[in-house]
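S.K.: The primary structure of each chain is shown beneath.
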Amino acid sequence: MSIASIIGQALVLFGTFFYAISSLGLIRMPDVYNRMQTATKSATLGSLGVIMGVGIWAVGDVGSYSWIPKTLIIAVFLLLTNPIAAHALIRAAYKSGVPLWEGSIMDRYKEVESSLKRVEEIKEKLEEPLQEVEINE
Amino acid sequence: MIEIYLFLIAVAVILSMYRFFRGPTTADRIVAVDIMTTLTTGLMVLFALYYRRAIFLDVALVYAVLAFVGVIAFARYMEGGL
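Protein sequence lines correspond, in order, to chains A and B.
Heads up: the first sequence is residues 1 to 137, going by the numbering used here.
Heads up: the second sequence is residues 1001 to 1082, going by the numbering used here.
Bound conformation, chain A alone (with noise of 0.2 Å):
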């Protein structure tokens, strides 16, 4: 057992560890939001520590420094493209009209949305007048 094994190892069972986090995680939270939230954070450090360990694991067991630059890069591209996707499809859910679990306390969302329609209906208020006077003009 070199150095590079036992840390390659460490970082390997804390990858582990989160991934099991992330189904507990997918199992135990009632809402498609919070199911998302808990699931792809712990799985994307997950899979980071799982990922780099392995390369880091295989200098001491393989021998060989050839895998660190291939797991880097599965790594990098992980961790840029799980938020992502994440993301796109928590939007659509909502889009979707997926329900808010009923001990949701706030919906960002919606508050913005119909802030937004607040603004455009005394925009379109202010600009009435404005018209009615070309008009008679």
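In short, the hints are calculated from the structure, not lab data.
Quick caveat, the model's predicted, so the values are computed rather than measured.
We treat Cβ as the ideally placed atom computed from N, Cα and C, and that holds for glycine.
You may find that some hints are simply not true.
Claimed, not checked - Stretches of chain A that chain B covers, calculated by requiring three or more beta carbons in the stretch to come under 8 Å of a beta carbon on chain B:
#1 59-68
#2 82-94
#3 109-115
To be verified - From the derived model, a few chain A residues whose C-beta atoms are all more than 10 Å from chain B:
#4 S2
#5 A4
#6 L13
#7 I105
#8 E120
#9 E121
#10 K123
#11 L126
Using the hints provided, position chain B relative to the given structure of chain A.
M.R.: Below, chain B alone, put in the same frame as chain A:
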């Protein structure tokens, strides 16, 4: 030693499969598929070390790309833009 990690990740995949079969809405099932693909990418990387073959890392990379594209396609379909 590596068999223990493989077994733990497989157990996590099976636990998330519960949400896939049980989930009340379509979004729940797609969330479960997203998490299962992420876990499977880690499993493939561990299998590359188990069999001592670096070519399996490329398989894991291609699998991650295809899973991302698939999840985005499902999201667009649910939103109604596809």
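S.K.: Now tell me if each hint is right for this structure.
M.R.: Here's how the hints hold up against the structure:
no. : hint    : result
1   : 59-68   : holds (count 5)
2   : 82-94   : holds (count 10)
3   : 109-115 : violated (count 0)
4   : S2      : holds, 14 Å
5   : A4      : holds, 13 Å
6   : L13     : violated, 7 Å
7   : I105    : holds, 21 Å
8   : E120    : holds, 23 Å
9   : E121    : holds, 26 Å
10  : K123    : holds, 28 Å
11  : L126    : holds, 33 Å
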